[in-house]
Amino acid sequence: MTTDTTTTAPPDPAPSAPRSPRALAWQRRRRSVARFWRQYRTHRTGVVGLAALVLFALVALTAPLTIGSDVQSVTEAPGRPMEGPSGQFWFGTDQYGRDLLRLVLWGSRVSLTVGLLAAVLSVAIGALVGITAGHFRGWYATVIMRVTDWFLVMPTLVLAIALATVMSRSLSTIILAIGVTTWPTTARLVRAQTLAVESRPYIERARALGGGHAHIMSRHVLPNVMPLVLAQTTLGISNAILSEATLAFLGLGDPTITSWGGLLQDAREAGAVSSGHWWYLVPPGLAIAAVALAFTLCGRAVESVLNPKLGVAR
Amino acid sequence: MDRQDQHGRRSPGRPSDDRHPFGRAPAGAAAGAARPGGVRGRFRLVAAAGAAALTLTAGLATPLNPAPQQAAAADSGKKTLTVAVAQSVDSLSPFLAVRLVSTSINRLMYEYLTDYDPKDAHPVPGLATGWKPSADKLTWTYTIRKNAKWSDGRPVTADDAAWTYTKMMTDQGAATANGSYVSNFKQVTAPSPTKLVITLKKPQSTMEAIDVPIVPRHIWEKVKDFTKFNNDQTFPIVGDGPFVVTDYKADSYVKLKANKTFWRGAPKFDELVFKYYKDNDAAVAALQKGEVSFVQNLTPTQATKLRTTPDIKVNDAPGRRFYALATNPGARAKDGTKFGNGDPSLLDERVRHALFLAIDRKTLIDKVFQGHAVDGEGYIPPRFSTYYWKPSADQAMGYDPAKAAALLDQAGYKKNSAGKRVGKNGKPLNYRILCHATDPQDKAVGKYLKEWYGRLGIGLTVDCLDNVTDPWLAGEYDLAFDGWSVNPDPDFVLSIHTCAALPATPKDTGATDNFICDKKYDDLYAKQLAEYDPAKRADLVKQMESRLYDTGYMNVMAYPNAMEAYRSDQIKSITTMPEKSGNIYGQDGYWSWWSAVPANATGSSGGSGSTGVVIGVVVAVVVLAGAGGFFLLRRRSTADDRE
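Here the protein sequences come in this chain order: A and B. Using the working numbering, the letters of the first sequence map in sequence onto residues 20 to 333. Using the working numbering, the letters of the second sequence map in sequence onto residues 521 to 1163.
Quick caveat, the hints were computed from the structure, so don't treat them as lab data. We treat Cβ as the ideally placed atom computed from N, Cα and C, and that holds for glycine. Among the hints, a few may not be true.
[Stated by the list, open to error] Short derived list, chain A residues pointing at chain B, Cβ under 8 Å: (1) S92; (2) Y115; (3) A289; (4) V292.
[What the hints assert, rightly or not] A few chain A residues that face chain B, going by a derived Cβ cut-off under 7 Å, partial list only: (5) A225; (6) E288; (7) S293; (8) S294.
Chain A with its partners taken away, still in its complex shape (with noise of 0.2 Å):
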């Protein structure tokens, strides 16, 4: 990762030969991602969590080849409304018709784009409002961390629920405020992490050279706090995925869309509930767990590996 490891790193292989500044950094770079990479391997549960996030995102990504976008068509529904599981159709149909395999499988794409999405959003917004906070201090840090401390005593989902009802029903809704609720969290963490960082005595003699606001914060404190945003980004993705489950099965989603949270809703206004319809219900569930499962996993092991606090040696 890109940290202030030039003083620490092994001594250049080839001395000798004159490299330019550029190409130096890109073997640091590449060395200490070669680390991280060697770190995570010993955390087993995180390669775990890598394993089936991967399986995942080739499902979603190849869905539209092996399944095809005909798999949402209400019109060419394949099976007789509410079947059970059968040879040609392993979870059964939902109350169009349709294939509750395929619809699962492709209910990946909606949940992990805004499950990626919402959790990048809130951790930008997170990491700016935590680095401006720490950096400008003063009555502006007071302001903006007070609004902080209001978004993070808001209860998130009321929040999410309110702003989904007043907005159209779409997917950049769901991710719009999935997004705008959750980064308080990310903008505390950093604000704390921005602080530790500017009271190092680099960032004094960077000030005296002339740096300005934007250069300090962008090219000595961002790439410190990078790692712990980073962190902060994969543990969001879960929760991010769970939200959206949570705003779909409400009702708040987008009706046209197909998503794991849309089908458990679909699932219930169908009766599948009190009919006792378990394989309509069940697919969609354990998928919502497994997706964020993996995502907790792995994000624990990113933040073991760069968090220094957690005794693990960089």
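Given the coordinates of chain A, assemble chain B onto it according to the supplied hints.
Here is chain B on its own, set in the frame of chain A:
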């Protein structure tokens, strides 16, 4: 005024109310996991896994809940009939209430002049024991019964009826809900306590079926503003119907007790409770456990399951409701002001017809209703055979996408290179359709329409809202899912499409359903209202339906069945209306709840959810074991790091 909801459109509501147990479980689960910061990661892992498990088991939460209760076997041997409802009461005031649940409760609270016979819906004596028109049929004399009493002991007199009607004629606020019945009244007098005389301006064919609740004058005289008074201040509410409302909590319950002095005879149940279940599946689970005695608006899946459940009887009868696709005819007020933003292309009749021709109603009935509905054609459902009308062969618009495409071409909306229909102004055709977010049927039909219209080159945005009333009243829609319950006398559902029903100004609320104002239709409406000969009137009504069909403003897609179920171990017998294959909930009268006979045995119910319990437990165990395994694994691998 929640017009499209008026007679039960919203009753199949399944909103995302978090009061509901299914709504809460995953919500709590996500909230539990959505607080990552500050908590140590290890704990977070377990929390996430637990949350996932909760999400999973949430779907199976109902059968997991033990402790079934018996609603019928309430304390001190009181026989209670509990009815699960989903629709909110708009008002308990009979002058304001328009929704099905509220008008049904008003029926139970206040007696009308006449009732409909449960067998064949002909008018039978209610508060009036007899009625007689004058030779010119402009003066109607009603004899009011002597043996009717208000629940506070005072006698019901003709004066109460005269006061009620006069109030509606003189106070605009009191005419909000049922104004169409009295707009033609010249004068209403009560020469004696048993004699009511109504004089008309013009002949009116609905004089034997004035669906207006008669309220006690001595109570309602004190009301100042009828538009604000919701009749929910003092309990019990004084009435003269078979039941008396004793308690009401918005979106929670309405409690009624039997009126022992009801002139037709006291109801058999001591208490009647309308209990709110915003989620239909929760209501069905409550029925399976015996917490409620009656559930309506079942999905086909629920009905199939309940049919095989012991002690539960499913009633699947032809409904009195139509389910239609309404097109915005350009919303306007009586003063001529146009408002709203309906797509101008819908002003072309060919476009409206094309939209209807593209709908394969057979598929909708086969898939969405799974056979529990009748193919829609005319405005009035076939159950009302007197007024049922079918389009002739050359008039009928069946599923014909090719003809629809040809009509659109003719109207000037040709397909461009991208396959989109484009108007002369170069804009592609894109419609919004208003759909009730609480109604799964709307969503399902919306999915089909989107695909059918997509093939035609028309874009469709399905706008599913919790509150469809606001955009609807503002005319801010292109298409909308619409539906009304029809009374044996169709006057009301016909009146809502006349020019007279338009709002006075854009700011006002009119009785209109879809801003339709058609001269030909209005002429026919006036004629049928003045026609006393039943056969001739029926013919005029059919002509109106034909006209309405041709305009393409209201395209009836189906007549959904009434799908209801009750516990036969709590209700021994109950009257359906019509008696042969009729509905129970939302009748044109109080027959069902008044006639319901309690069953003596309160047999145990259970076992129905046992498979659910097994599955739920197995899934929960598997997921928790998995999570625990990971947790242990983690502990082991990080054992060295832990301090």
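Evaluated hints:
A cut of 8 Å between beta carbons decides the hint on S92/A: the least distance to chain B is about 6 Å, and the hint holds. Interface restraint check for Y115/A: the shortest CB-CB distance to chain B comes to about 6 Å, inside 8 Å, so the restraint holds. The interface hint given for A289/A is met, as the beta carbon of that residue sits about 5 Å from the closest beta carbon of chain B, less than 8 Å. Hint status for V292/A: holds, given a least beta-carbon distance of 5 Å to chain B, under 8 Å.
Annotation: interface hint on A225/A violated; nearest CB of chain B at approximately 29 Å, more than 7 Å. Taken as an interface hint, E288/A checks out: its beta carbon lies about 4 Å from the nearest beta carbon of chain B, inside 7 Å. The criterion of a C-beta within 7 Å of any C-beta in chain B is met by S293/A, whose closest approach is roughly 4 Å, and the hint holds. The interface hint given for S294/A is met, as the beta carbon of that residue sits about 4 Å from the closest beta carbon of chain B, less than 7 Å.
The structure shown violates just one earlier hint, number 5.
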